[in-house]
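Protein chains in written order, with the numbering used here: chain A, 268 to 755; chain B, 63 to 307.
What the hints contain is simulated information worked out from the structure, not anything from laboratory work.
Note that the structure is a prediction, hence the values are computed from the model and not measured.
Yeah, the Cβ is synthetic: ideal placement off N, Cα and C, and Gly gets one too.
Certain hints may be false.
Unchecked claim - The following label-pair restraints were derived from C-beta to C-beta distances:
# : chain 1 : residue 1 : chain 2 : residue 2 : range
1 : A       : S635      : B       : A228      : 24 to 34 Å
2 : A       : A455      : B       : G263      : 40 to 50 Å
3 : B       : N225      : A       : R382      : 56 to 66 Å
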Amino acid sequence: MPAVRLRGFGHRHAGRRRWALRGVDLDIEQGERVALLGPSGAGKSTLLAALAGLLPPESGEREGTIEVRERTGIVFQDPQSQLVMERAGDDVAFGLENIGTRPERIWPLVDDALRRVGFPYGRDRNVAALSGGEQQRLALAGALVSRPGLLLLDEPTANLDPDGARLVRGSLAGLDDTTTVIVEHRVAELVPLLDRVIVLEPGGGIRADGPPASVFARYGDELAADGVWVPGHPVPALSPRSTPGEVLLRQDGLQVRAAEALAVTGPNGAGKTTLALQLGGLRKPTDGLVVATAALAGPDATKPPHKWRARALAGRIGSVFQNPEHQFVTAKVRDELALGAGDPARVDELLVRLRLDALAEANPHTLSGGEQRRLSVATALAAAPRLLILDEPTFGQDRRTWTELVGLLAGLRDDGHGIVAVTHDPDFTAAIGARELPLAARPLEAVRYCVPPGDDSPNLRSGDPHPYPHENARPQPVPGATSRGEAQ
Amino acid sequence: MSPAAPLAARNPAAKLAAAAVLTLALVVSLDPVAPAVALAAELAVVPLFGLRYGTLARRAWPLLVSVLGAVLTLFLFAQDRQQVAASALALALRLFAVALPGVIAFATTDPTDLADALVQNARLPVRFAIGTLAAWRLVPLLGEEWRLINLARRARGVDAGRNPVARLRLFVSAAFTLLVGAIRRGTRLAAAMDARGFDSGAPRTYARRQTFGAADAALVGGAVCVAGLALAVSVAAGAFRPLLG
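With the rest of the complex left out, here is chain A (with noise of 0.2 Å):
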């Protein structure tokens, strides 16, 4: 008997019209390690919830059969939202608790599960002191701890960067015996841990099912135009068609051009966000200066970005935030975008540009995760600004909105505009065809940037003329030279 059986399953969630999931049938035996693909909306996460028994009967519509035999244990996308403990045992511990496991039993068992993952810590490790990637280890030892016959995983290097979500497969590669089932967008990297690939097809049924090299061979192009990650299917790269233009925006060593792209690359904790929050006039700098040329300020150029006033700095730089949610300020999508466009043709152009115009009278926090991607970039680029800032735009999306972004980026690029672009994803640099600046991990506070070779442009050196003449900016003591202040 295999481990799951699914007959006709589907669901509908409650207040839904579209069955999220529709005519599954389904057998997944005992040891297999599935790979759950398909198309955004396809069903994938709700097909997981299902099996992990998360779906109760208040929680919509179902119909057909769902059997699974073993106990399950699943792992969740966001590390943050799935620890429950502080101490790093505690949170290990609290499913055993939950299953009323005898006292004695627990720490073994703790144990066991923390070195199955390979955590490298101790049990007393306060959570909050942990990287991503070591959180989603975490959180596997707590699914793996009750000992599950079922392995579910949501996407659970998604909200990762490189190094983390090595450090996850590093640690699913060791479960050989559990059974295990995975969704992921990126699946390239996975595939020599799977025995088989299931794809759902959107609107009901399996659109595909077999070994991961037949199915790709098989369906590879198909599924990549419905916007599957699928592995030996490159993207278009975009190159520049142009070489850059004239300086926008320098810090210290750092120069952004127009008609340029610029990728901010480097680990976690190296300060790409706080970077990008001062380049985007948002933040003040900690260290050195943000200078806006007259390009980019206009009438403003005596003061430096972050001095600017809001709807000025939203003409000139456009940032768009790591979370889209966090940029919606009305109730409607078409608002969002009048807010900063003023002109209703504008708007227009852009909700079509963008393929949000079937949405416009939507809330913006109904959307999809790709959709409101695609509704971020679209706000930061209502107020026309020359220069455009973005934290991980492509984080977690979907081939087809991915291939979209870059597009988009490529086409406002090769038109002047400067792209500035904090990144984990080496795919997107490529496609741009982006500078690198890659930072190094933070040894200070100070954000230091290692200069590419080949920039020999002129840079604010601290003989210069102080760029704001009324800012009374830190001197900066350099040896032999005389500092900023005294260059007045």
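Position chain B relative to chain A; hints supplied.
Positioned in the frame of chain A, the structure of chain B alone reads:
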């Protein structure tokens, strides 16, 4: 703070109960004598909790500031300074004597231990105690979230300038965004807890045993004695003024 100090190591539920006893006793009396006696006793046991007076003062500075503020206000608006001085002194003593036990209890208690003790010894529902503990862990995230939301509004070209009405509207809209995010995160946390069998009806066991022993009972008993002594001295000195009547 040293967690091994004789009173710091007491059961968290016992510490809370002792604090509650003192609070209750001092709330019923309006005179300065009872709180003075209680405060003296409370300050005397601070070292037994492994706390330095300096650390305690740093922890309690909001309390110090608010008490001084209250006393100052009473003085400023007083007709008869002499009579007000007495009641202001009584008020300040009461505020300190009531708040100090709570400050000491929380300064010497780990939140996880407190939740464990409330479930195991005080028989509070596990859903409430552990649920609150889990939610408490997410609170620091809200501060960073709030900063980002407000920066994101500036990036959208929205700022209030000096207009108080615009400022209030901006605050309300940012608070709404914060709330949406907090609810989403809370829902995900609840799902993750359910998936790990939380409060599923099965009998629960405890990995960390919290015991309520003789020493813990003695702490509560001690608090009852201090409260009784404070009220007795107040009555004997003829200063006792009950809250009601």
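Hint check results:
1. Judged by the Cβ atoms, the range 24 to 34 Å given for A/S635 and B/A228 holds: they are separated by roughly 32 Å.
2. One distance hint, 40 to 50 Å for the beta-carbon pair A/A455 and B/G263, holds here, with the actual separation near 42 Å.
3. Taken as a hint, the range 56 to 66 Å holds for the pair B/N225 and A/R382, whose Cβ atoms sit roughly 60 Å apart.
Of the numbered hints listed earlier, not one is contradicted by the structure.
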